[in-house]
Amino acid sequence: MTRRLCITCWAAGVLTLMALASPPMRFDRLPPVAPKEAAEKLKQAQALLEQGLSPELAYRLAYEVYQKHGVVRTAWFPLWLYRQAKRPLPDPNDRLAVIGSVVEGGHGLPLSMLRKGATSIGLLFRASCVLGNYEEIVKWGEMLIQAGNESYSILKTVESARLALAQGIKQYPYRRSSNRHTWRPLPLKFREEDYFILVPLDQACTVLGLGCTIQPNLKMAGGKGIRVTKPDAPNIVYRLFLGRPVVERLESGRGHTETLAYAPYEEGGVVWVPFYWLAKQAGIRWWEVRSGKIYVAPK
Amino acid sequence: MIDPQGEGAYGVTYGPIWGNPTAPIIEIDLENIDEGLGLPCDDCNRPANRATCWWCVGRQQPFQHRGHCQTFLYCCDCDNDHPNDEQQCGECGWNIHNLSQLQVLTWVVGHELGHTVLWHQPNGGHHSGATTYDCLIWQWVDWRVNPPTEFCAQNPGCQTRWKLNP
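The listed protein sequences correspond, in order, to chains A and B. For any residue, its number in our numbering is found by taking its place in the first sequence, counting from 1, and adding 33. For any residue, its number in our numbering is found by taking its place in the second sequence, counting from 1, and adding 1027.
Chain A on its own, in the form it takes in the complex:
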């Protein structure tokens, strides 16, 4: 079953359910920028949530930041972008500068898409959703709302959590990963960057049983045409784009664009792709890194 949604994915979905379509951008209501050490914790927490890894650790990191600094924000570009950029990049915390750079043609890459950001209480809310703790959801959700985030999705999520609490239900039966003793290590090298586990696409496909092709194609982003197929779904082709955090799913001749939490990039002739996405395509629900290896749960 490859199309199921993990709880993490679902929580992210609920967060944006019927979202406020488009609050006009007001910069005077943004919380202060987090100090460097706190920003790193927020960045790590977000990566954990987006990869479906430990929401407990994500919560703890965000809570540490909240306790010390209160409501703070941070934004960042992926590290590979700094290595590849030919000119200095704008400050990712300065959203207007990023947009300006994009409008000017900038760096030939969609900087606003590559820019990621988070707040302490936003992450606490997301982690609480993943963990299914209704009291925490109400607590952080109310704080988000009071701070000016009037997203309908948050209102609805908090309302739902309140309903559960009113009926004496404090905790959603959060499903933890299965017995880790049965997990097996993958013979696959990886690198960790921006707290994301990245793997060489060609090797990962071989190990995971996916079909991959990487061919020169000047019409495609980064000059490479990248395709991924699944053996159990021959009519579906995924196209990946270097430097773009999107995936195009072609199914029976119809295209649909999806997003990636981390953009693939090429370095030294190797195409690096976030492992979480490939694992999902391969039908792997649980995985983690321990002792320098990626361990995956049995399918």
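Because the hints were derived from the structure by calculation, they are not lab data. Be careful, since some hints might not be right.
[Claimed, not checked] Residues from chain B that face chain A, not an exhaustive set, calculated with beta carbons under 8 Å:
1. Tyr1041
2. Glu1054
3. Leu1057
4. Val1084
5. Gly1085
6. Gln1128
7. Val1131
8. Asp1161
Owing to the predicted nature of the structure, the values given are computational and were not obtained by experimental measurement. By construction, the Cβ of each residue, glycine as well, lies at the ideal position given by its N, Cα and C atoms.
Chain A is already provided as a structure; the job is to place chain B on it using the hints.
Frame of chain A; chain B shown alone:
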């Protein structure tokens, strides 16, 4: 808005009428749109035994099917990958009417175009209230079956709310 990513926003409009020293710029957040829509409901057409959905717990209706909490029958995205586990229900997305990506993007871009010219008072330039529901500048995107396609052309109550930047 508090989050620099625009917590949940599908699009953001910048421009001089918001106090930003730029020409009007629309930024569409594909990631939020993608997450907001979620995956299409994949009817596995198999009964669930012990399924619970986070969203449905408070409603004491354990199954989610096509975005609605229900008490019976089948669930979307059946999940039986654990050998000793009873079958679970995964959560499917909120695109319960199977809107196409083109419809969705048209909706969001159309809404943002409104913000490039509309005065943002009151309510950030959004129209709210029952008579303004069928309008591109209505405040919520709820992935309804018939997305709005115009700016209040048929609704006098809605038209009176149009205010350009004074």
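A quick look at each hint next to the structure:
Hint status for Tyr1041/B: holds, given a least beta-carbon distance of 5 Å to chain A, under 8 Å. The interface hint given for Glu1054/B holds, since its Cβ lies 6 Å from the closest Cβ of chain A, which is under the 8 Å cut-off. Because the beta carbon of Leu1057/B sits about 5 Å from the nearest beta carbon in chain A, less than 8 Å, this interface hint is met. The interface hint given for Val1084/B is met, as the beta carbon of that residue sits about 5 Å from the closest beta carbon of chain A, less than 8 Å.
Satisfaction of the interface hint for Gly1085/B is found here, the shortest Cβ-Cβ separation to chain A being roughly 3 Å, below the 8 Å cut-off. The closest approach between the C-beta of Gln1128/B and any C-beta of chain A is roughly 6 Å, which is under the 8 Å cut-off, so the hint is satisfied. With 8 Å as the threshold, the beta carbon of Val1131/B stays out of range of chain A, its nearest partner Cβ sitting at about 10 Å, so the hint is violated. Annotation: Asp1161/B was flagged as interfacial toward chain A, and the flag is violated, the nearest CB pair being 14 Å apart, outside 8 Å.
Going through the hint list in order, the structure does not satisfy hints 7 and 8.
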